[in-house]
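*Asks:* Whole structure, please, built from the sequences with the hints as guidance.
Number of protein chains: 2
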Amino acid sequence: MDEQIIFSLLEQRNFKELKPILSEMNGADVAHILSEVDENDLPVVFRLLPKDLAAETFVEMDSDLQEILIRRFSDKELKQIMDELYVDDAVDLIEEMPASLVRRILQQADAETRSAINTILQYPEDSAGSIMTTEYVYLYPKMTVEESFAQIRKNGIDKETVYTCYVIDDCRHLLGLVTVKDLLLHSYETKVEDIMEDHVIYIETHADKETAAQMFDKYSFLAIPVVDSEIRLVGIITIDDAMDVLQEENTEDIAKMAAVKPSDKPYLKTSVFAIWRNRIPWLLVLMVSATFTGLILNTFESKLSLISSVLFACVPMIMDTGGNAGSQASVTVIRSLALNEITTKDAFRVLWKEIRASFLLAASLAVACFGKLMLVDNLLFGYKDYTPFTCLVVSLALMCTVVIAKLVGCMLPMLAKKVKLDPAVVASPFITTIVDALSLILYCGLAIALLG
Amino acid sequence: MDEQIIFSLLEQRNFKELKPILSEMNGADVAHILSEVDENDLPVVFRLLPKDLAAETFVEMDSDLQEILIRRFSDKELKQIMDELYVDDAVDLIEEMPASLVRRILQQADAETRSAINTILQYPEDSAGSIMTTEYVYLYPKMTVEESFAQIRKNGIDKETVYTCYVIDDCRHLLGLVTVKDLLLHSYETKVEDIMEDHVIYIETHADKETAAQMFDKYSFLAIPVVDSEIRLVGIITIDDAMDVLQEENTEDIAKMAAVKPSDKPYLKTSVFAIWRNRIPWLLVLMVSATFTGLILNTFESKLSLISSVLFACVPMIMDTGGNAGSQASVTVIRSLALNEITTKDAFRVLWKEIRASFLLAASLAVACFGKLMLVDNLLFGYKDYTPFTCLVVSLALMCTVVIAKLVGCMLPMLAKKVKLDPAVVASPFITTIVDALSLILYCGLAIALLG
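Respectively, the protein sequence lines represent chains E and H. Quick note, the first sequence lines up with residues 2 to 453 if you use the working numbering. Quick note, the second sequence lines up with residues 2 to 453 if you use the working numbering.
Don't take every hint at face value.
[Said to hold, decoys possible] Dumping the calculated DSS-like pairs for lysine-lysine here, alpha-carbon to alpha-carbon at most 27 Å:
#1 K419/E with K270/H
#2 K270/H with K421/E
#3 K304/H with K304/E
#4 K270/E with K418/H
#5 K219/E with K266/H
#6 K419/H with K266/E
#7 K160/E with K160/H
#8 K266/E with K219/H
#9 K262/E with K219/H
#10 K52/E with K182/H
#11 K155/H with K155/E
#12 K219/E with K52/H
[What the hints assert, rightly or not] Stretches of chain E that chain H covers, calculated by requiring three or more beta carbons in the stretch to come under 8 Å of a beta carbon on chain H:
#13 25 to 33
#14 245 to 252
[To be verified] From chain H, some residues computed to sit far from chain E (all C-beta separations above 10 Å):
#15 P44
#16 D127
#17 C172
#18 H207
Everything labelled a hint here was simulated from the structure, so no lab data went into it. The beta-carbon is built from N, C-alpha and C at its ideal position, and this holds for glycine as well.
*Replies:* So this is what it looks like as structure tokens:
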């Protein structure tokens, strides 16, 4: 359906024609439409939706719009939504709402859901337990395929994923799993214990949620069981939530690499003040650290000027190239660490690779730099201060800078990981500052030693 | 199972004890173990695996190890693997292998698989068609639930996802879908047409594979149907492949933001030469562009020195802060564009947000800078050159730099997107160069105008 038509119907407040159109849409798309609706019309438009689509849409909405809706809902309406929500979505909702609304929301949930919500809420924020759902299909080993289907039919309607069923004993210890595909492909009399996979890969409730998400990436599962310290099944994590976690972690890493504190809201929903708060700390830190570079520059300035006026003109080129070379290496290593392509154990392999690469790069850049200075600046523009020997010294300094930048760039994230810091934090801006200072000292030192 | 034990068994070449241990493991884990095995032992260890695990492991291995194995396989062994592979995995394999091996691989695939492989290979590299599989379960509208289960049992064993079944007519037009969950929760006599979802969200074969992956992120599907221009079903994309695409795109974006050409291999598998080739272009471009900054610096140097020796010391601080402020804005906007949180239509909303945020940030930084220069440099260290007026001019220049950097930083990616370039390419390094030049001109201009 064309969005243009929908928005023009909305503008005309032609809800009668709108209703059948919205009813045929997917919840995620309706949520997108609702995000553009005027606040006062929002409850009216939302009430056009059939019950199950309403819940599906509600889950996909931004939390500020959810809040508006809940405040306008009657208790009965709120209860209808709560009845349709999966437990993990209900938990997400409660985590976003102000305390005053949370009480009202929990009152409208049935006792079983309320207790499930409380179970999940007790796990630490970034743990596997916090993103699991307690709704799953369980089977016992002695059940037949036929009984299993009966169990799924009986209990499955509310369960988020019915396609992986977990086999447990009477104490809820996790014994194995069967997929619905396995059940479908075996005869009705087959016992679950004969077809179940008994080497189940699971995750503990207190493990990092990022670890859980990476397991999906690695193993291509649709769900992963979450167990307590005695391997008793307490919940499952489904692949859609894992995908959200992966995307979130990627967004966070990218933000950190750009020296921004990650925001938990989409850009347009982030307030100007929040943007300020997320960006100012690193800007201040980096500003202060840049003054050291300034000090170094000031110390050497007069000496450099005495030697040759052109030496100064090359400072930005040396510093920028160093910074870029360093951030190339650091970002590559940070990403490889995040994808588990390398671990801190690979430090020497990484170092060896970067040393070789950096010499190749440094040599290419030095040749290009020498050629550019001699041909363009000396011959073409006639700056005769660019003597061959001066250009050689500049190129040499550039070479050393690139090599140092690459080594700092690749080793710092490994070091951060080793001491359990987030490698993404030591990315480009941080490394640029270090490399700036190092390259400046090196450049000035070399120039004074060789040309002074 | 403890990896340590496995590796020590491998070292002792104790294959007898190794075999039962490996047999209980997941393919992804076995592939990890095999990546550490000596090339000569690789085929031996691989042959320890039971048939289905062998295929599962093979799919997860890096392409260089797959190539080694295929070269050592007998035709019969190769055929066994090919029989177990899903079509989309077979396509991935063929895309990675040298031409000489591709012929041998195709010869060992059965005629049906070969034709399916060729169908998928004909789609452009980054299209939805190229990541789909042609193996899916299809039903007809007049079938009952019971007949549907029979159809799944008959055809489902080879199909990658049996949980979403697509309903088609005799010309393969896509009419609807039913999930196995729907089938399980309805009586055996129910007709498929009565329970099928008939507003199916699909993607066309020639759409971008990233678009397909983002649909999974948005809609939480397990599979998405791929259709031709006449809405005839030609394949499906499964969520695990979508997850791979998302991770790949994230890695590519991160690489581009750090001025690196993305590599299609994991870091440790990328040759030193390939690393050089991926990194040298941007380093060269940025080095040359940095010489403009040098030219500007050179032009103003003597004038700045005449006014006050301290003005020079502040150049790195102004330039670095500008660069950081610009990359914060650009990376935030690039990520929001990638996540579809904003589109180019939101340009004014983004601009307005960044203008307000940049004034807040610029004011905070200017105050901090003024305070630091006056308190630390003037009072504490006694550099009396830092007069209040000089510090004011420096802080003013810093303010303007931050505002300009933020505006360039947020608008350039939007502009890139508008003209259908990849926004990630105009990230930090590119913006830093522009901001460096602008801020330097501004700083020197201000200093000369106000202090000269």
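*Asks:* Checking against the hints above, which ones are violated?
*Replies:* none
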